[in-house]
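Trainee: Quick note on numbering: numbering that gives the first Met the number 0 labels position 153 of the sequence shown as 152, and the sequence is numbered without any gaps.
These are computed hints drawn from the structure, not numbers from a lab.
Beta carbons are placed, not taken as given, at the ideal position from N, Cα and C, and that holds for glycine.
There could be a bad hint or two in this list.
[Unchecked claim] Derived lysine-lysine pairs resembling DSSO-like cross-links, with alpha carbons at most 27 Å apart:
#, residue 1, residue 2
1, K202, K165
2, K150, K122
3, K149, K165
4, K288, K149
5, K165, K108
6, K241, K72
7, K150, K241
8, K198, K72
[Stated by the list, open to error] Computed beta-carbon distance windows for the label pairs:
#, residue 1, residue 2, range
9, R283, T66, 37 to 43 Å
10, A23, R236, 46 to 52 Å
11, S310, K78, 15 to 21 Å
12, E227, N263, 33 to 39 Å
13, K120, E282, 46 to 52 Å
14, L161, N263, 39 to 45 Å
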Amino acid sequence: MKILYYCLLSSLTFFSGCCQSGHAQTISILSTDLSLDRDPDDWFDTFLFLTIDGINPAGIILENYATDSVEDKTMEFTKILGCHNMPVLKGIQQPLKTNEGSIISSNYKNGAEFILETMEKAKGKVRLIAVGSLRNEALAYDTNPELFLKKIDKIYFAGGSLNGNKDTNVKRDTIATRIIVNSEAPVVWIPCTDEMKQKLSGKQEERIEGCSSEVCSFLTGLLSDWREYRGEEWLERTRQLKGQGKNLWSIPAFIHIAMRDNFNLKFVSGTMTFDNVNWTDFERYADGKDMMLTDLNQEEITEWLTHRINSNH
Numbered sequence: 000m001k002i003l004y005y006c007l008l009s010s011l012t013f014f015s016g017c018c019q020s021g022h023a024q025t026i027s028i029l030s031t032d033l034s035l036d037r038d039p040d041d042w043f044d045t046f047l048f049l050t051i052d053g054i055n056p057a058g059i060i061l062e063n064y065a066t067d068s069v070e071d072k073t074m075e076f077t078k079i080l081g082c083h084n085m086p087v088l089k090g091i092q093q094p095l096k097t098n099e100g101s102i103i104s105s106n107y108k109n110g111a112e113f114i115l116e117t118m119e120k121a122k123g124k125v126r127l128i129a130v131g132s133l134r135n136e137a138l139a140y141d142t143n144p145e146l147f148l149k150k151i152d153k154i155y156f157a158g159g160s161l162n163g164n165k166d167t168n169v170k171r172d173t174i175a176t177r178i179i180v181n182s183e184a185p186v187v188w189i190p191c192t193d194e195m196k197q198k199l200s201g202k203q204e205e206r207i208e209g210c211s212s213e214v215c216s217f218l219t220g221l222l223s224d225w226r227e228y229r230g231e232e233w234l235e236r237t238r239q240l241k242g243q244g245k246n247l248w249s250i251p252a253f254i255h256i257a258m259r260d261n262f263n264l265k266f267v268s269g270t271m272t273f274d275n276v277n278w279t280d281f282e283r284y285a286d287g288k289d290m291m292l293t294d295l296n297q298e299e300i301t302e303w304l305t306h307r308i309n310s311n312h
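Let's have the full structure, built from the sequences with the hints guiding it.
Mentor: Quick look at the structure:
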């Protein structure tokens, strides 16, 4: 009944509030590991997900840190942004497992069920944006691959690298990564590497802190809680002390979805693959089903983001 309720809300949200009008538009679901103090970069993603024209948000799936407190905090943020009916669901919090070829998941399967029910109800395609692990997407695909492939537009995934570094988002669920990356679903890959990160500068963070809006106060509070949790030694090692700025990783996904041509994002076509030895990899060729981000202008992106946050009232 809870999932049905969320989907009824979602069907209204598709064409009102935070979404654009249209009968067969592509709608988006965000899967994210939002938390209260672990890393506030996901809250910046959520801000863009709910405010950029063309995203057409249909719901937010929480994973990994999906506690009642995180759910409440997420709903508070959606209301601040004017999205009062945005569905927020607890997704799978533990890595997927296999048993004799079958996928086994932990509790909170609401996220995967929401993906499939949204696909069934949507008149157009459904876009999935994963800025955490891919476990909710993988369970949805494994449950009903025919529906999934019929209705999927693209899967945006922020994680992994070309050199096989065991980054957080892939490491959290390698089974889920293998299922999605090696499927026929088209993936837009945003590698999580130093070259591709977006560094919010200390001055930009200071401008957000100096803004009096609810959005700025909300994000500033999360940045403060995160620094308290991480501690000075870790922050100094990663150059993210107060005044040095904050690493962000997924902003190009939202820019690309909105097709903002004024940004110098460079993507190449090809096929993304995953195996337990080399981890994430990409073979380039013109008619490949996947795309990979290869270049960006970090300062341009973070300046645009800072202005957008400060202008939101």
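Trainee: Compare the structure with each hint and give your call.
Mentor: A quick look at each hint next to the structure:
Proximity of K202 to K165 is assessed by CA-CA distance (about 31 Å); at most 27 Å being required, the pair is judged violated. Taking the CA atoms of K150 and K122, the gap is about 9 Å. The hint holds against a cut of 27 Å. Among the hinted pairs, K149 with K165 is inconsistent with the structure: their alpha-carbon atoms are about 31 Å apart, more than 27 Å. Distance restraint check for K288 and K149: the Cα-Cα separation of roughly 15 Å lies within the 27 Å cut-off, and the hinted pair is therefore satisfied.
Between K165 and K108 the alpha-carbon distance is near 26 Å, which keeps this suggested pair within the 27 Å criterion. For the hint pairing K241 with K72, the CA-to-CA distance comes to about 23 Å; that is within 27 Å, so the pair holds. For the given pair, K150 sits about 44 Å from K241 by alpha-carbon distance, which is inconsistent with the 27 Å threshold. At most 27 Å may separate the alpha-carbon atoms for a hinted pair to count; K198 and K72 meet this at roughly 25 Å.
Against the hinted window of 37 to 43 Å, the Cβ-Cβ separation of R283 and T66 comes to about 41 Å, which satisfies the hint. Under the hint 46 to 52 Å, the C-beta atoms of A23 and R236, about 49 Å apart, fit the expected range. About 19 Å separates the C-beta atoms of S310 and K78, a value consistent with the hinted range of 15 to 21 Å. For the pair E227 and N263, the beta carbons lie near 36 Å from each other, so the given range of 33 to 39 Å is met.
Taken as a hint, the range 46 to 52 Å is violated for the pair K120 and E282, whose Cβ atoms sit roughly 36 Å apart. For L161 and N263, the hinted distance range of 39 to 45 Å is not satisfied, since their beta carbons lie about 20 Å from each other.
Violation of the numbered hints given earlier is confined to hints 1, 3, 7, 13, 14; the remaining hints are satisfied by the structure.
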